[in-house]
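One letter stands for each residue in the lines below.
Protein chains: 2
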Amino acid sequence: MAPLTDNLFNDIPSVLQEEFFQILAESETIRIERIVSDGHATPPGEWYDQEWNEWVLLLSGGATLKFDGDADPLVLKPGDHVMIPAGCRHRVERTDSRQKTVWLAVHFEKTG
Amino acid sequence: MAPLTDNLFNDIPSVLQEEFFQILAESETIRIERIVSDGHATPPGEWYDQEWNEWVLLLSGGATLKFDGDADPLVLKPGDHVMIPAGCRHRVERTDSRQKTVWLAVHFEKTG
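Chains A and B, in that order, give the protein sequences. Using our numbering, read the first sequence as starting at 122 and increasing by one per residue. Using our numbering, read the second sequence as starting at 122 and increasing by one per residue.
Hints may be right or wrong, so weigh each one.
Copies of the same chain look alike in the list, so a pair counts if it fits in one copy or across any two.
Cross-link-like lysine to aspartate or glutamate pairs, in silico, DMTMM-like; alpha carbons within 25 Å at most [what the hints assert, rightly or not]:
(1) 198 / 149
(2) 231 / 175
(3) 231 / 217
(4) 231 / 147
(5) 231 / 132
(6) 198 / 154
(7) 187 / 149
(8) 231 / 139
(9) 221 / 172
(10) 187 / 127
(11) 221 / 149
(12) 187 / 147
(13) 231 / 127
(14) 198 / 214
(15) 198 / 127
These are computed hints drawn from the structure, not numbers from a lab.
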């Protein structure tokens with residue numbers, strides 16, 4: 122059988138008006154996604170508040186995350202990964218404006 | 122709350138007699154793992170035959186995978202990812218012997 126394969130840095134649109142989301146694999150309990158940001162940030166005053174857990178890895182570029190209630194933002198460089206439990210309010214304060222930021226996000230159902 | 126964070130390229134032992142496995146996040150239905158290989162390969166004649174699906178991403182170094190029944194092996198470079206469904210027999214023919222190969226593996230329960 123021919124396995125499904127691709128490269129995370131392939132086929133990135135050169136102009137991104139909005140963040141680019143692409144599902145790489147999924148099942149009933151998980152979704153593996155590539156996200157490409159190009160200077161994008163969460164709109165002012167808005168927070169992500171998700172029902173599923175999210176484990177996220179920054180692969181290129183850079184970003185700053187803010188977690189609700191934390192004084193200090195979290196600055197991410199390539200290779201950095203963060204576990205964001207379901208219900209943990211967070212926002213993307215900044216992504217690199219000089220190069221594209223490629224993320225891998227693994228969303229998975231909250232259990233137990 | 123302080124989110125759990127680390128870098129995929131941190132804390133890699135300089136000498137690896139065996140492949141290095143580390144769980145980064147897990148639940149009842151998923152396990153996210155860092156694997157570091159240093160010239161390791163699956164022993165001759167052995168195959169992985171897993172009950173869970175595995176989505177794997179090569180982050181540094183290089184490797185060659187072989188899928189049972191496929192004539193051509195699959196050569197992986199950084200950024201390459203492969204979906205290996207449960208029950209798909211495969212082996213690692215080779216990993217780079219000049220530098221460490223860092224993998225991210227997402228194991229998830231077969232559903233449906």
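- Message: At most 25 Å between CA atoms: does that hold for residue 198 and residue 154 within a copy, between copies, both, or neither?
- Response: both (19 Å within a copy, 19 Å between copies)
- Task: Check residue 231 against residue 147 for me: Cα-Cα at most 25 Å, and say if that holds within a copy, between copies, both or neither.
- Result: Both: 15 Å inside a chain and 10 Å across chains, each within 25 Å.
- Message: Regarding residue 187 and residue 127, is the shortest C-alpha distance of 25 Å or less found within a copy, between copies, in both, or in neither?
- Response: between (31 Å within a copy, 16 Å between copies)
- Query: Given a CA cutoff of 25 Å, do residue 187 and residue 149 count as a within-copy pair, a between-copy pair, both, or neither?
  - Reply: neither (29 Å within a copy, 28 Å between copies)
- Task: Check residue 231 against residue 139 for me: Cα-Cα at most 25 Å, and say if that holds within a copy, between copies, both or neither.
- Result: The answer is neither: 28 Å in one copy and 33 Å across copies each exceed 25 Å.
- Homomeric proximity label, residue 221 with residue 149: Cα distance no greater than 25 Å: Classified as neither: same-chain Cα gap 30 Å, cross-chain 34 Å, threshold 25 Å.
- Message: Regarding residue 231 and residue 175, is the shortest C-alpha distance of 25 Å or less found within a copy, between copies, in both, or in neither?
- Response: Both: 10 Å inside a copy, 19 Å across copies.
- Between residue 231 and residue 127, at a C-alpha cutoff of 25 Å, which is it: within one copy, between copies, both, or neither? Classified as between; 21 Å across copies, 28 Å inside a copy.
- Message: As a check of your reading, is residue 221 near residue 172 (CA-CA no more than 25 Å) within one copy, between copies, both or neither?
- Response: Close neither inside one copy (27 Å) nor across copies (36 Å); limit 25 Å.
- Query: When no copy is specified for residue 231 and residue 217, does a C-alpha distance of 25 Å or less occur within a copy, between copies, both, or neither?
  - Reply: neither (31 Å within a copy, 37 Å between copies)
- Message: Regarding residue 187 and residue 147, is the shortest C-alpha distance of 25 Å or less found within a copy, between copies, in both, or in neither?
- Response: between (27 Å within a copy, 23 Å between copies)
- Query: Taking 25 Å as the upper bound on the Cα-Cα distance, should residue 198 and residue 127 be classified as within, between, both, or neither?
  - Reply: both (23 Å within a copy, 10 Å between copies)
Comparing the model with each numbered hint stated earlier shows that hints 1, 3, 5, 7, 8, 9, 11 do not hold.
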